[in-house]
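Engineer: Listed here are the chains, written in short residue letters.
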Amino acid sequence: MRRDYVKQDVGNNEAALTVRLASMNTSTPNPDAEDSGVSDEALLTAVGNCQNVDAFNQLFKRFAKKIFALGMKITRNEQLANDLIQESMLNVWQKAPLYDLDKGSAKGWIFTLSRNRCFDMLRKQKRQPNCISADDIWPLESIAEPTMVHEDIGGQQVELSLIEGYFDQLSDPQRAVIEQIYIKDRTHEEAAAHLQIPLGTLKSRLRLGVTKLRNLIGVNE
Amino acid sequence: MNTEVKLHPSTELLNQFVQGELGTGKSVVVSAHMELCESCSAKAKELQAFAVSSWVDLGSALQSDQSSEADHSNMASGIAKSPQIKSEQVEALVEVDIGIPNHSIKLPKVLAKAASQGLKWKKVAGGISEANLFLDNETLCEFIYMAPGCKIPVHTHQGSESTLVLDGSFEDELGEYKASDFIIRDAQHNHQPRSEEGCLCFAVLDSPLRFTEGFAKLMNPVNRYKFKKATSRVA
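Protein chains in written order, with my numbering: chain W, 1 to 221; chain U, 1001 to 1235.
Looking at chain W on its own, in the form it has when it is part of the complex (with noise of 0.2 Å):
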């Protein structure tokens, strides 16, 4: 299913955005879904580049109860659970500037935010020292995709002839774009607008299909 990548819109067609927002905010059959057409990121990227409210709700609406659904499996507490979603949302709109693909996908992002913030709650409401926060034990260059142009697969000696194999053993969206990338040498934008992906999914798969293929080579042990 081909996703509407509009993060390059954003800046440029901020009108045409608002518009879709205003639409979509006033009347949200199922919130949840991206059919809708805007992306989590071009969302993100609206609230961090330009303050846009709008985007901002959108965001809530599709994040408050997954906020919610977390904080009781952490904390099993209503209370705590709903003043999560406070705490969170709080952070997205505070630290959506520093938010950039680079980052991963605005999903990764704002679970990150939520999980850590969370502890934190956790932490204060049973009077822990601070110490230490969740910043500390999830540093935010952890949960940032490593920056892969072509990243070294092991300094190991592999046989040729097995390589082919171990490639055909990964899923077929993690072998076209391992490909594209260390076969056809394109960079990762020319090669999410080829396989007509977005960025962030782009470079999931191919973190997800490096390490797999470090794992058949046995590098990892």
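No lab work stands behind these hints: they were computed from the structure. We put the beta carbon where it would ideally sit given N, CA and C, even for glycine. Treat the hints loosely; a few may be bogus.
To be verified - To give an idea of the interface, some chain U residues facing chain W are shown, with a C-beta separation under 7 Å as derived from the structure:
id	residue
1	Ser1027
2	Leu1047
3	Phe1050
4	Val1052
5	Val1056
6	His1072
7	Ala1076
8	Gln1084
9	Ile1085
10	Lys1086
11	Glu1088
12	Ala1114
13	Gly1118
14	Asp1136
15	Phe1215
What the hints assert, rightly or not - Pairwise CB distance ranges (calculated):
id	chain 1	residue 1	chain 2	residue 2	range
16	U	Lys1086	W	Arg127	31 to 39 Å
17	U	Pro1148	W	Ser133	32 to 40 Å
18	U	Lys1086	W	Gly165	44 to 52 Å
19	U	Glu1012	W	Arg175	22 to 30 Å
20	U	Lys1109	W	Gly37	36 to 44 Å
21	U	Pro1148	W	Gln94	44 to 52 Å
22	U	Gly1214	W	Pro139	40 to 48 Å
Since the structure of chain W is already known, use the hints to place chain U on it.
Structural biologist: Just chain U now, with coordinates in the frame of chain W:
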């Protein structure tokens, strides 16, 4: 013979870490190991990706009612009036004096941060020193220094003990451990750690140590008291 010696957190433990389900002490020791271990770090990223995709489905089943939607709408407008953060704030790394003469060790960042609360070393017995860290009320967390040639009396655990080797090495009946190794011992283990060259570790215990042989057993009430004291502190 023996089961394989695991020198890394299990996939299950890494998954609990990624989901935010571990307490502070256990999260810190896993995070510190990941700073030193590329493969666990990569694995955690994959697990996080899976956690995010299943999170997206979570909460879809929940009903929203009119009142919560109104509340959310108000919440959102309130939040949108706050200032945004324009640039990343990077905390300057503080050099932590680990307090062991003739040793300067570079700690994983998360441990350096935790240790910045100040470390008070206490000589325990036979070349072993400990420095307690207050992180949560479920675990006793401490740096342990073993001087060259010393050993810890044979003991077991009611719950589990997670140990990260920071410098030097130690061994027990199941193997040899060096810097960045992550070892879990629990009730099925009865072991005597000893170190030839000396060793600095960080350990997280969720229950008191229980010495199992000889005069050391007289120390068990002290172990229980120590654990109780460490886990009933309040910030």
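Engineer: State for each hint whether it applies.
Structural biologist: Taking the hints in turn, this is what the structure says about them:
1. Ser1027: This hint holds: U/Ser1027 lies near chain W, its Cβ roughly 5 Å from the closest one there, short of 7 Å.
2. Leu1047: violated, 11 Å
3. Phe1050: Hint violated; U/Phe1050 Cβ to chain W Cβ min 10 Å, cut 7 Å.
4. Val1052: Cβ of U/Val1052 sits 5 Å from chain W, so the hint holds.
5. Val1056: Result: holds, 6 Å to nearest chain W Cβ.
6. His1072: holds, 5 Å
7. Ala1076: holds, 4 Å
8. Gln1084: Constraint on U/Gln1084 satisfied, holds at 5 Å.
9. Ile1085: Status holds, d = 5 Å.
10. Lys1086: holds, 5 Å
11. Glu1088: OK, holds: U/Glu1088 within 7 Å of chain W, min 6 Å.
12. Ala1114: This interface hint holds because 5 Å falls under the 7 Å limit.
13. Gly1118: Status violated, d = 9 Å.
14. Asp1136: holds, 5 Å
15. Phe1215: violated, 36 Å
16. U/Lys1086 to W/Arg127: 31 to 39 Å: holds, 33 Å
17. U/Pro1148 to W/Ser133: 32 to 40 Å: holds, 36 Å
18. U/Lys1086 to W/Gly165: 44 to 52 Å: For W/Gly165 against U/Lys1086, whose Cβ atoms are near 50 Å apart, the range 44 to 52 Å holds.
19. U/Glu1012 to W/Arg175: 22 to 30 Å: For U/Glu1012 and W/Arg175 the Cβ distance comes to about 29 Å; the hint holds.
20. U/Lys1109 to W/Gly37: 36 to 44 Å: Since U/Lys1109 and W/Gly37 have Cβ atoms about 41 Å apart, the given range 36 to 44 Å holds.
21. U/Pro1148 to W/Gln94: 44 to 52 Å: Holds - the Cβ-Cβ distance for U/Pro1148 and W/Gln94, about 50 Å, lies within 44 to 52 Å.
22. U/Gly1214 to W/Pro139: 40 to 48 Å: holds, 45 Å
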